[in-house]
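**Q** Once you've looked at the hints, go ahead and assemble the two chains, each given alone in its own frame, into the complex.
From first to last, the protein sequence lines are chains A and B. Per our numbering, the very first residue in the first sequence carries number 441; after that it's consecutive. Per our numbering, the very first residue in the second sequence carries number 4; after that it's consecutive.
Just so you know, not all the hints are guaranteed correct.
As the list claims (entries may be wrong) - Below, a sample of chain B positions facing chain A; criterion: calculated Cβ distance under 8 Å:
| # | residue |
| --- | --- |
| 1 | Y11 |
| 2 | G13 |
| 3 | G20 |
| 4 | F60 |
| 5 | V73 |
| 6 | V189 |
| 7 | L197 |
Said to hold, decoys possible - Pairwise CB distance ranges, derived in the manner of DEER restraints:
| # | chain 1 | residue 1 | chain 2 | residue 2 | range |
| --- | --- | --- | --- | --- | --- |
| 8 | A | L493 | B | Q195 | 45 to 53 Å |
| 9 | A | L602 | B | G88 | 26 to 34 Å |
| 10 | A | P583 | B | R64 | 29 to 37 Å |
| 11 | A | G600 | B | R64 | 37 to 45 Å |
| 12 | B | R64 | A | Q590 | 28 to 36 Å |
| 13 | A | Q590 | B | R205 | 29 to 37 Å |
| 14 | B | G88 | A | G600 | 35 to 43 Å |
As the list claims (entries may be wrong) - Calculated Cβ distances over 12 Å to all of chain A for the following chain B residues:
| # | residue |
| --- | --- |
| 15 | I103 |
| 16 | T107 |
| 17 | R109 |
| 18 | L127 |
| 19 | A130 |
| 20 | M166 |
Just so you know, these hints were derived from the structure itself, not from any lab. The beta-carbon is built from N, C-alpha and C at its ideal position, and this holds for glycine as well.
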Amino acid sequence: LIGPYGYVALFVWALVTAPWVEGPWLILMLVIIVGISLFGAKRQRQVAAWQRLLRLPVLLPLALLPLLVALFSAPKDLVVATIALSLSGLQVGAWIVLRVIVLLLAGSSFSAHISVTQIALLFEGIGLRGLGFALGVALNALPLTVRSVQDTWQALRLRGGLRRAWWRGIRLFLVATTVQIALRAEETLQAIYLRAFDPERRGQRLPWQRGDLFLSIGLIMLGVILILL
Amino acid sequence: MRVRDLIYIGLFGALWGALEMTLGSFLHTLLPPGAAPLAGPIMAALGILIALIGRHFVPQRGGLMAIGTVAALLKLLSLGQVRWGPFLGILIEVGLAELILLSTRRPRRFPFILAGALAVASTLGQAFLFAAIFLGQQLTVTWSKIVQQGRTLLGEQLPLAWMIVLLLSLIYLILGGLAGELAWEVGRAASQRLAHRQEETR
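Just chain B, with the same shape it has in the complex (with noise of 0.2 Å):
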């Protein structure tokens, strides 16, 4: 990677950090409680937001997966002691949102949007993963967890455990999906102004 790139990583990645340290550590006491499952998402959909308009300035493979991973060491370096589930939880969305984008090599809007849905819905399935690492749980407990806050978040209305999950993953890839959509539309309207300052200057 050019230098160029490695200083857009490092700002990007500290962008990420920052939200993550800031807003991130507050965000689970700001929301009120039925709305509690939503504080990891949210941060999901800022956090590959920041990580998408980065990666219209790093036009390269692995890209979006080192401005991840910066934030992601940040985030570990941030709480004081080590915990795991977050630096984990980054490198999980990045990773797949970098898959996505593997395909292209210049950014392009459909891979974007793709990418933030993916990387967001992954934090559903993270719970899973989380708690059969950490606990030793049963997939079963956690698929009871997650309905409960579904029902929480929606409402007791919905009386089969597979249509609140299948709602909240919707909800999830639609959060991801715009977030993709506004990193989309942000880099490429910084871009142009960019472009339009260089060309006063000359």
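One chain only, chain A, in its complex shape (with noise of 0.2 Å):
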């Protein structure tokens, strides 16, 4: 029922919503994020990549945010094992936390129903033709690319460019990695016209879902209530 759009529009719904929003409201839209999420097909997908969430990394400084806004903010209200802490600050970095969380699983939920593919399509449809195939090209082109910069920069330091006039070796480095680029496009280029291959002609495009218009529209609605509130 719930396609890419839908997933971009709960994304941006939560971007633009969370930070307005403040107490129990928080709360709400924690549930819809993850009821949404869940109702998606790729569910299994979508739990795992909230179990990625659990680590500690993650969740320390998480858990210590609050304590660190209760103890330097103003009143000191509250004692626990006798450090000075503030009711208010501890309720502030409390509503942080839950605000983080949100924009964490809204995240969580993009990258889990949409692919890399999905997100160039995605520009395409908004007028940036061509990227996919680019993003394609890149993907190809990375482990290469970086090999060739990395000769080039030893090539470099080897014949002792970058001791006196470092400035002038930057610049030779730069020029030589730029002029390799252009001699990998133009291979490329070829080889593409060889196989008579057409980026333009596969012009792919996301389908709608039936849910995204209607999961958009009530998204929109709810954040300009949950924002006046």
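**A** This is how it looks when you write it as structure tokens:
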């Protein structure tokens, strides 16, 4: 029922609404995001993505944040093991953590339901045509690009190009790297022409699902209400 | 866009993406604590340098934005988990630079310098934007954080907060301007070298 556009709407809604919402309304947002994420076809992938968030580097700062805010806020109206804390600071810290969790879950929902190819197609849909093809070229060229940059850097370093006239050396390194990229581009172009490949012809589009429109309208209305409350 | 342009977009996007994945991930560790606030602008300057060099070979409106988008998508892919800060950061930088270049069809020196300067300076504004979006933080909180970072970087001698932020902005603008100037020089030199090579092979 819900397609990529629906999850884009959910993520944008969370991004726009969360900074304006405080208190228990953030819990409502959390429930909506979790509900919609589990409603999709890629439920197992979503649960796995959430499980990846349950790690100490993510959880520890979230747990410590309210305590830190309470420690440095005034007035100090709570004492825990001889440490003076602010009750209102604790509450503010809790809302910040909740807001971060809302955004984390919305981001995780987006990435679990939409592949990088679909993100590229989304960009094509808004007028950046051929981006999917360019991304494919980039992914294929990535290892070779890294290797060629490393080789050029090593060659320049071994010839002492960075010792005295280092600025000229850096400029030479950039020119050499750019020329290599241009030569690779021409090779790729020739290969594409030989195969009679036309990226424009493949004009794929992301399909709109029935639920996408209803979900988008519902989220806009709810977002307006939450911001006004 | 022509197929040639799309290939160049892919290759220069890959170069920026590779830089973000390797150097970008380690720069915070490599830099000494006092210079840590410079990690963002240094990466922005290097990224916009690559994108502006690429713009020499993709003389189309939207070319710069497309190179940045490919790099941002690669960064998104590389992190294992989705982190929207770097992704949106790259898009903002390249979007501002593209706005400057929209006024010129052919590459010219001054718009390149201005585009580079604006893209790198935007990293300072991004701090306010992301703090507001992700943490619901007030502008004053972010302001004092930036001032503190500036004091660490520039020393404790500067008494006024606005002076620190002004000086930081100036450093970022100069860094970006240098990236734009270097991109202009390198792009031209590489184009000349390629033209010379083509003449020789004929």
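**Q** Out of the numbered hints, which ones does the structure contradict?
**A** none
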